[in-house]
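There are 2 protein chains.
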Amino acid sequence: MILADIGNTNIHIYKNGKIFNIKKPQKFDEKVYYISVNKDKEKEFLKLNPDAVNLKNYVDFKTNYKNLGIDRIMACNTIQNGVVIDAGSAVTIDIIKEGIHQGGIIAPGLFAFKEAFVKISEVLRVEYKKIDLNSLPKNTNEALIYGSAGLIINTIKKFKGPYFFTGGDGKFLAEFVEGVYIKDLVFRGMIKTIKEKL
Amino acid sequence: MILADIGNTNIHIYKNGKIFNIKKPQKFDEKVYYISVNKDKEKEFLKLNPDAVNLKNYVDFKTNYKNLGIDRIMACNTIQNGVVIDAGSAVTIDIIKEGIHQGGIIAPGLFAFKEAFVKISEVLRVEYKKIDLNSLPKNTNEALIYGSAGLIINTIKKFKGPYFFTGGDGKFLAEFVEGVYIKDLVFRGMIKTIKEKL
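Here the protein sequences come in this chain order: A and B.
With this note's numbering applied, the first sequence closes on residue 198, and no number is skipped along the way.
With this note's numbering applied, the second sequence closes on residue 198, and no number is skipped along the way.
For the record, the hints were derived by calculation from the structure and aren't laboratory data.
Treat the hints with care, as some may be off.
[Stated by the list, open to error] Pulled a few chain B residues facing chain A out of the computed Cβ check, cut under 8 Å:
no. : residue
1   : S89
2   : A90
3   : Q102
4   : F113
5   : A116
6   : L124
7   : L144
8   : Y146
Backbone N, C-alpha and C fix where the C-beta goes; we use that ideal spot for every residue, glycine too.
Chain A extracted, bound-state conformation:
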């Protein structure tokens, strides 16, 4: 069995408990279940894997949020209470109470912040590292880390934990709030859907 999470930048593949990234769709010989937030890549993917099953059509998820991304739904799908942060190209922050999605936030991902800064001015080059958000930045790099990762963390902390992180920058951000990093959080939601609905 192959699980595929087709995102804005990468396609994350889950096979035998392992996760790897591919940039372009490829053909798989196993049974494929997938989700997608990228229509173009999804089309390509389906040409190569015409029998792949879109789990969007099977998932059962409670929210009043309009057009919540299927990747966010899957990341939240196994969480009963807390905050789910998927830190990829974008950083999505979703709040769950007793299994019901309360709403969510979309911030730029850390790489998008980095690119935005340097576009504003050549001198605004951020090198991410952990900083203490309780003391005020005293130089440009700390000011930029605070003005990107720090803004995200301050907003996350407004909400009651526990904090569940996933995505490429999830591990880094989790350190700021003693959050739990779960690499396969989206895939856990996909597997739950398969077990319950298929």
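Based on these hints, arrange chain B on the given structure of chain A.
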């Protein structure tokens, strides 16, 4: 007398109590005082106005922050206590206690956020409007406003006011925290420097 604030994107000109923006340096017949965070535009500006006085060489400002931008120094220069937010290409947040600068933060400006979002995905198109940050977003546009303006506001609110806003997006952001919008805040700092030191 002309005051010029040479920024990353625009040059702000102050003349007879009025402020206007120019994109490219131009020649002035009056006495010119200026500050600059943009070396290339400053060079061009000085070619056209060789007698212009750089106020960076005269300002007296207390901080332990390394290489604090001269525009931020001037914006903070007339404030004794509170938070100074200059919302332009970047949003800078500086904290002042009893006339002493405590440190600061650099976030992307609202336009930079907007550009960053659409670069992540075509569907992430934000249209800024005031939202209630005490209720959780229930659609993409609110989620994006929260994930940009909202992140900035949540971080500002961590610090004790009053909140002094300036810059192109200052008025919009000030609404979220009942802040004071001072269009000519940077120029007030420049005028103070001229009065005290020249």
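Verification of the hints:
| no. | hint | result |
| --- | --- | --- |
| 1 | S89 | 5 Å, holds |
| 2 | A90 | 5 Å, holds |
| 3 | Q102 | 5 Å, holds |
| 4 | F113 | 7 Å, holds |
| 5 | A116 | 4 Å, holds |
| 6 | L124 | 7 Å, holds |
| 7 | L144 | 5 Å, holds |
| 8 | Y146 | 5 Å, holds |
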